[in-house]
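**Student:** Turn these sequences into a full structure, and let the hints guide you.
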Amino acid sequence: MASVTYDRVSKIFEETTAVDELSLDIGDGEFLVLVGPSGCGKSTALRMLAGLEDISEGEIRIGDRVVNNVAPAERDVAMVFQSYALYPHMSVYDNLAFGLRNQKVPKEEIDRRVRQAAEILDLGQLIKRKPKQLSGGQRQRVALGRAIVREPAAFLMDEPLSNLDAKLRVQTRAEILKLQQRLGTTTVYVTHDQVEAMTMGDRIAVMNAGVLQQIGTPEELYTNPRNVFVAGFIGSPAMNLVPVEAATDGERDVLRQDGFAVEVPEGMISRLRERAPSTLMAGFRPEHLHLSNGEPANQQARIPAVVDVVEYLGDEQLVHLHAGEVNLVAKLDIDEGRVKPEENVHLALPLEKLHLFDRETEESVGVPTPA
Amino acid sequence: MATAAIDRAQPVVIEEGLAPKILRALGRAPVHLVLILIGLFWLIPTTGLFVTSLLTASDQAQGGWWNFFAKPSTWTFENYRRMFDNEGIVDALLRTAQITIGATVLPILVAALAAYALAWIEFPGRDWLFLAVVGLLLVPIQMALIPIFSLYNRFNLFDTIPGLILFHTAFALPFAIFLLRNFFAGIPKDLMEAARIDGASEIRLFFKVVLPLGLPAIASLAIFQVLFVWNDLLIGLVLAQNNQPIAPHLASQLRQFGSNLDVLAPASFFSAVIPLIVFAAFQRYFVQGLLAGSVK
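Which chain is which? The protein sequence lines are A and B, in order.
Quick note on our numbering: the first sequence kicks off at 1 and runs consecutively.
Quick note on our numbering: the second sequence kicks off at 1 and runs consecutively.
Just so you know, nobody snuck in bad clues.
Derived DSS-like pairs (lysine-lysine); straight-line CA-CA distance at most 25 Å:
id : chain 1 : residue 1 : chain 2 : residue 2
1  : A       : K107      : A       : K128
2  : B       : K208      : A       : K104
3  : A       : K130      : B       : K208
4  : B       : K208      : A       : K128
5  : A       : K132      : B       : K208
6  : A       : K132      : B       : K189
7  : A       : K130      : B       : K189
Read the hints as simulated data drawn from the structure, not as lab findings.
**Tutor:** Structure, rendered in structure tokens:
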């Protein structure tokens, strides 16, 4: 077991920069999730750690050892592939034993470790089967088993759940977590699914276009997204992001655009102007909106809107609305009362749940709280 | 999801009655009849050779084999017994077996290693090298016969088994490398990377992963090569004199004795049967290998 460090690591393919000066410190035993849309460089970052891609610039360390020029076999890492990459001509037993045989581990030791892994992963009955005789979930477990018998310094997982159906995915997600907690092995896990990232990671590193956007615990990313990309990527349904101007409209302070207005407590705009431009991006999560009676309230922003569509989800309703030209989504509790299409409503948003970003730099500017 | 669940719960089974089955069989009957006729027509020369090989020399002299086709009482295995007493033919058969084995194993081993490198090891000029190998496919054997003949004379390889093996190997390699490289390149990249992370050296990767997975292609290649080498007349004729393989040996018998059919017929039939056995034994792989890469 060991820590893993990316020190200003870049990967440059002929014309494009796939990974741009990535720096990460992954603690011993930590479960780090690399998440981002496809093509964001997360898989390339993982493959550089595995030794399957050359490192163009920077340094990767496993423990204290710089591994830039170390062959994959010598890095003491095990990888789980999206396609599982099981050896089709070998039985489950041989698949699990292959890595150990390569390391010339004594036969009895191989047998002991393979049987132990098979037991942990509930593969005992399947040990003599070939991969094509296994279901998707079983293959996935063999792929995990192949990683754990090695007892490596780190597990690298490249979208290991993407080929499973939705139900099995949720189940396996929990199994991988349990396994990782039991073994305490440093794990780098790549996924494009923010739900997987949120539920599994000790910390999450969000990447976009080869650049690390933010790294933090799931809670940090959810409550304090550093920029517009992270704000929009983390959370489901996605955060409402609306370009607005900070303005004083007669006596009211508003963030507004094309018939859409967020009415904010008095004095906030002037304080905001002290530290940010007036062209902003307002962000607020659907689940933080509530129905209000239309009266201004302390510490709350108000948004008048018209209901378009209501998706009933049992204990809550997903409400699609528009305010002027702006489309919004709100996730409202059923107890707040059912709303109907074309109904005029006022939405209330606690100020601490409002995010403001500089529209130019897309960086968060924070929200000044009223005195 | 919902529709999938419903489909699974109520599998649609179409029961077929007897009448449609018979109708369908009748519909196909003309095609089958034609195929059987073509097959029988194709077998006539081989059948003729086989029947002739079972006749005594005097019967052979009386007329065509078809006169004896319906008279199994005239058939005898005497010719085969005499053939195995004929040292010239037995030696030629054994020699051909050695050449065939050598000229099949050697090119496949070399080609598999080369194909692995061309498919999976990155080195400068790799693709150009592969193109050059493919280009060699265009060199006709006939063009090389005379230069190789003089080369073999100088290096004492003329009329030797190693000489014939080497020639066959050299001319088998381009196609073998071409076929195997394309087959190996079809092995999923993840699999190779998994094996590398699992600590497999290139040699282990080759023998434990690539070779087992490439078996269908290798088997079909082996069949091609066995058939070609065993049946070869030209190369054996040009590059050997006293130690010729079976095909040129039989051809020379024909010249020496005129129509000594009682010797030639069993030997020809016997030499044709061996590749047939090889083909039948590996036919499953043969078909798989021919389809290699086309239906991935």
